[in-house]
Structures are given as C-alpha cells and as structure tokens.
Amino acid sequence: MNGKKLIIDRVTKTFIEKKGGSFTVALREFSLEIEDGEFVCLVGPSGCGKTTLLKLVAGLEQASSGSIYLDGNAVTGPGRERGLVFQDFALFPWRDVRDNVAFGPEVLKLPLSERIRIAEHCIDLVGLAGSAHKYPSELSGGMKQRVAIARALANNPQLLLMDEPFGSLDAQTRYLMQKELLGIWNVDRKPIIFVTHSVEEAVFLAERVVVMRSSPGSVKSIYPINLRYPRRLTDAAFIELREKITADIAEEVG
Amino acid sequence: MVWEGAALLADIPQLFPAPVTVMVALGQLFVAPGPPGLVWAGELMGNTLISLWRVIVGFALAAATGVFLGIIIGWWRNARDLLEPVIELLRPIPPLAWIPLAMLWFGLGFKPAVFLIWLGAFFPILLNTVLGMESTPNKLVEVAKTLGAGHWQILFKVGLPSAAPSIMAGLRIGIGIGWMCLVAAELTGSNSGLGYMIMYYYSTMEASKTVAGMLMIGIVGFLMFIGLKKLEDKILFWKAA
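Chains A and B, in that order, are what the protein sequence lines are.
Mapping of the first sequence onto this note's numbering: residues -15 to 238, in sequence order.
Mapping of the second sequence onto this note's numbering: residues 4 to 244, in sequence order.
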C-alpha cells in the first residue's frame, strides 16, 4: 500500500429492499484516502450515504464491491481497532459510567485492575471524573456523549469513527464538546472520520472537509481547511470557507 | 363493613358468611391439627406450606425452562422457525384442560400440581423472554461488535441484560398464573393444600372455612407478587432514577 492510514477504494453499497426486491444504491465508487492522524469531516445532504460509509469502515456492513484497508489490511468485519461513536450514544443503560467505558477491555478479558485503570484514565480524559458510578439515566446528553467517546477510546483505536455525535446536543454543549474533542485528538493524534450535518462544525473541526453527492453517494469535492487551531467562527477566512461549502452542498440538494 | 352488613341482611351464613364468622373460622383452622406430616403446623399453615412448596418447585422449573428456551428462540432465527409452530399449537390449550392428563400421568398430590403450575407459568415466561431477547436494540449490538465483543459475549452482556425487564415481567405474570393453576389442581387432583381445603369445607357445608381458605389464597398470592416486585426493583435498579 502507499502508506496511507485508511484507504477506501471504489466502494459500492447496494441495499436490496425486502419487499418488492427493488434495490437502492447507497454508495457508488466511493474512494477516499486518509492520512495517519488526520481529522476528516464528511458533510452532505441527508441520505447521501454518510452513515452507510461509516458502517462499512466500522465493518458493520459489507461493501457490495470495492475494498477498505486500514494499515494495509482489508476490513472484513467489526474490530476493536476502529472505534465508533453514534449520535444517540448507545450506552448500556444497566452499566454505570465506568462499566460502560470498561466494556472493550472487559470483552478482551483484561484483568480487572487493568480494566479499571483504563476506564478511569479515559473517563478523566473526557472530563467525567466524579461521575464514574452514575448510570446513563442520570446523565445529561453531553455527559452521555462523553461516556460514548470514552468507551470508544478505551480500546485505544487506530481510527475513530463518529456519526453525528453532537447532533442531538444543544448549541452550548455542542461547542464545548467540539473543543474538547479537538483537545483529545491533540493528545494522541489518532485519525478521526466525523460525519455531520453542520458545515460550521465541519470547518471548525476538520483538516479536510469531504462534501458528498447524494443518491448514489460519492465524493463531490474535498476542501482542505488550512486554518490554525483553535479556529474562530467569526474569522473572515472561516466564514468564507463555510459559505463556499454550504453553497456547494446546496447545489447538490437543489 | 359493607360485607358485614350484606351478610347480616342476607342472613344465610351457610352460603354467605359474615367477616366475623370468617375470622373465627381462620382461628379454628389455625389451631386445628395439620395434614399428615405437618400436624404441628396446624391445618391452615400446614396446607399453605404444602401449596407454597408445590408452587415454588413448579415455578422454579417454569422459570428455568422458560427463560432458557426463550433465550434460544429469541436469539437464533433458526431455533425460532423450528420451535415456534409447536409452541403456538400448545399455548392456546388452557392449563386447566391438562388436569385429566396430569392426573393420568402423575396420579394425585405433588406431581400433577407441580406439572400444572409449570405448564401455566411456562408460557408467559417463555414468550416474554423471547420478546425481550428479540427487542435487544440493534444499536447496542452494533456498538458491542465495534468494541470487540464476540457472539456469546453479545448474548450475555447485551441481549440478556437488555431482555431482563421483559423476563421479570414474564416471571411476575407466570407466578400469578402458576398460583391459579395450583389451586385448580388441588381442587380436583389432590388431598392436601389450600385448594383441597376449600373444596373439603364446601363438601361439609362450612362456607366460613371455605372463605377463610380463599382469603389465605389471596394473601399468599399477593405476598408472592410483592416479593417478586421487590426482587425486580433490585435487579432492574438501573431503570429507575
């Protein structure tokens, strides 16, 4: 391989409807390469296959054709080296924060002391120290998403996949979480693929923004964001990029 | 009060005993010698103990088999396709319709009663377990997969805890039906237990003792229900708050 961290090579995904046998092409010939340590955001109109793409990379769905390689190895199923964070958190409601975060180390059958050490480290990382023994029903949306992120980090993944993780949070919490995510990313520089509806969020976070075309989903255009972190939503260059990308997507929707 | 008044008005203690008479009957049954083997316990408590033991054994068997089969049917599509037709065929037969066969197979007393309780409690436990396993949220299964969990780990660490509320509901319904089946079984196929006791005093025309027995059946059923509810709150603590 050519030294890229992740290679998505002409991936096509077709879903066959259970009734009627008609089929939908969710992704056609989707190709993208991601460098080690890179933060990439995917934006595009609803139904453009962003989530499908993440599921393919996560190994939860199988591509109809094409291949995905992580560190040169073909992705054939789910694996602990690819962490996934959902929009609706998907926490285990019967586990407290610490046991949610320790799920990965637990199924790996690490010794108990090691599991606790890893879980507590990751809980600290997302700023939830002190809430380790709370249950998901006692947490706010922002806290739940922190738990979901900590849980993914506990497996020390080579790649973090995030499917609109802040989509259901209020604006204040969302902004705070974005800054904290950048902080976490800065610590160990593991690559992140982040799906979002918000162009502003994409420009705020990513080193590259990938705009997708819908039905079938494929890459429309790619924007490198060469703005220094921390970015300011009010900078002229920021606004210019945001408007340019927004117009690009609008063209696709219209 | 209403009961007492109505009983006074009706004035037929053989058919419609007043509360005071029932209390007296309870006292008499309490001190009367118990059934063979449990003479020391008194008639009321002895028969209660006999009935309780039957229901505990029958319910434990139903819980074990119902939850076990329910997990299998609810988790594996193939098992479901194979076993569901048989279950759907047997389920509509009321447990009480099995009484003749139960007596034929097991005679009188402990065994047919346990069999009927098992039969009555089994289906609600089974069906609720199946329902619970089937409605395991797909998101949680997916997240467990990405965290590296294997099939069995997902079954025990995601499927089972997520089905727990439904399983507990099945157990609660199951013990209620089991208790009803027990009394029915004792009415006909037994010579001990609370069901037998109320039937016996029907034949001797002592309505007050029959009602006293009914009261005891109600109390025990209620206490079992409360006990299971307490257990449920303890196991499903994460659902509260």
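Hints should not be assumed to be uniformly reliable.
Said to hold, decoys possible - Taking CB as the label site, the calculated pair distances span:
| hint | chain 1 | residue 1 | chain 2 | residue 2 | range |
| --- | --- | --- | --- | --- | --- |
| 1 | A | Asp72 | B | Ile90 | 33 to 43 Å |
| 2 | B | Trp79 | A | Arg212 | 35 to 45 Å |
| 3 | B | Glu7 | A | Gly125 | 40 to 50 Å |
Claimed, not checked - Below, in silico cross-link-like pairs of lysine-lysine (DSS-like), each with a Cα-Cα straight-line distance of 25 Å or less:
| hint | chain 1 | residue 1 | chain 2 | residue 2 |
| --- | --- | --- | --- | --- |
| 4 | B | Lys160 | A | Lys118 |
| 5 | A | Lys(-12) | A | Lys3 |
| 6 | B | Lys242 | A | Lys(-11) |
| 7 | A | Lys228 | A | Lys3 |
| 8 | A | Lys93 | A | Lys163 |
| 9 | A | Lys93 | B | Lys233 |
| 10 | A | Lys2 | B | Lys142 |
| 11 | B | Lys160 | A | Lys3 |
| 12 | A | Lys118 | B | Lys114 |
| 13 | B | Lys114 | B | Lys142 |
| 14 | B | Lys142 | B | Lys232 |
| 15 | A | Lys(-11) | A | Lys3 |
| 16 | B | Lys232 | A | Lys(-12) |
| 17 | B | Lys233 | B | Lys114 |
| 18 | A | Lys228 | A | Lys(-11) |
| 19 | A | Lys118 | B | Lys242 |
| 20 | B | Lys242 | B | Lys232 |
| 21 | B | Lys160 | B | Lys114 |
| 22 | A | Lys93 | B | Lys232 |
| 23 | B | Lys242 | B | Lys114 |
| 24 | B | Lys233 | B | Lys142 |
| 25 | A | Lys118 | B | Lys232 |
| 26 | A | Lys118 | A | Lys93 |
| 27 | A | Lys228 | A | Lys2 |
| 28 | A | Lys(-12) | A | Lys174 |
Said to hold, decoys possible - Over 12 Å on every C-beta distance to chain B, these chain A residues come out as not near it, computed from the model:
| hint | residue |
| --- | --- |
| 29 | Asp20 |
| 30 | Glu22 |
| 31 | Gly88 |
| 32 | Glu90 |
| 33 | His105 |
| 34 | Glu235 |
For the record, the hints were derived by calculation from the structure and aren't laboratory data.
We put the CB at the ideal spot given by N, CA and C, even for glycine.
>> Please verify whether Lys(-12) (chain A) and Lys3 (chain A) have alpha carbons no more than 25 Å apart.
In response: Outside the cut-off at roughly 40 Å; violated.
> Straight-line Cα separation of Lys142 (chain B) and Lys232 (chain B) no greater than 25 Å?
Replying inline: Outside the cut-off at roughly 29 Å; violated.
>> Check the hint pairing Lys93 (chain A) with Lys233 (chain B) against an upper bound of 25 Å on the C-alpha distance.
In response: 33 Å, violated
> For the pair supplied as a hint, Lys160 (chain B) and Lys114 (chain B), is the alpha-carbon distance within the 25 Å limit?
Replying inline: Distance ~37 Å between Lys160 (chain B) and Lys114 (chain B) Cα, so the pair is violated.
>> Between the alpha carbons of Lys118 (chain A) and Lys93 (chain A), is the straight-line distance 25 Å or under?
In response: 23 Å, holds
>> Checking one constraint from the list: CA of Lys(-11) (chain A) to CA of Lys3 (chain A), max 25 Å. Satisfied?
In response: 39 Å, violated
> Does Lys118 (chain A) lie within 25 Å of Lys160 (chain B) when you go C-alpha to C-alpha?
Replying inline: 19 Å, holds
> Taking 25 Å as the top limit, are the C-alpha atoms of Lys93 (chain A) and Lys232 (chain B) close enough?
Replying inline: Between Lys93 (chain A) and Lys232 (chain B) the Cα gap is close to 34 Å, so the pair fails against 25 Å, i.e. violated.
> Lys228 (chain A) and Lys3 (chain A): Cα distance at most 25 Å?
Replying inline: 41 Å, violated
> Holds or violated: are the alpha carbons of Lys118 (chain A) and Lys232 (chain B) at most 25 Å from each other?
Replying inline: Roughly 24 Å separates the two Cα atoms, so the pair holds.
> Does the claim that Asp20 (chain A) lies off the interface hold, with its Cβ farther than 12 Å from every Cβ of chain B?
Replying inline: Check passes; 20 Å lies beyond 12 Å.
>> Tell me if the straight-line CA distance from Lys118 (chain A) to Lys114 (chain B) falls inside 25 Å.
In response: Violated. Lys118 (chain A) to Lys114 (chain B) sits at ~47 Å, over the 25 Å cutoff.
In this structure, the hints that do not hold are numbers 2, 3, 5, 6, 7, 8, 9, 11, 12, 13, 14, 15, 16, 17, 18, 21, 22, 23, 24, 27, 31 and 32, in rising order.
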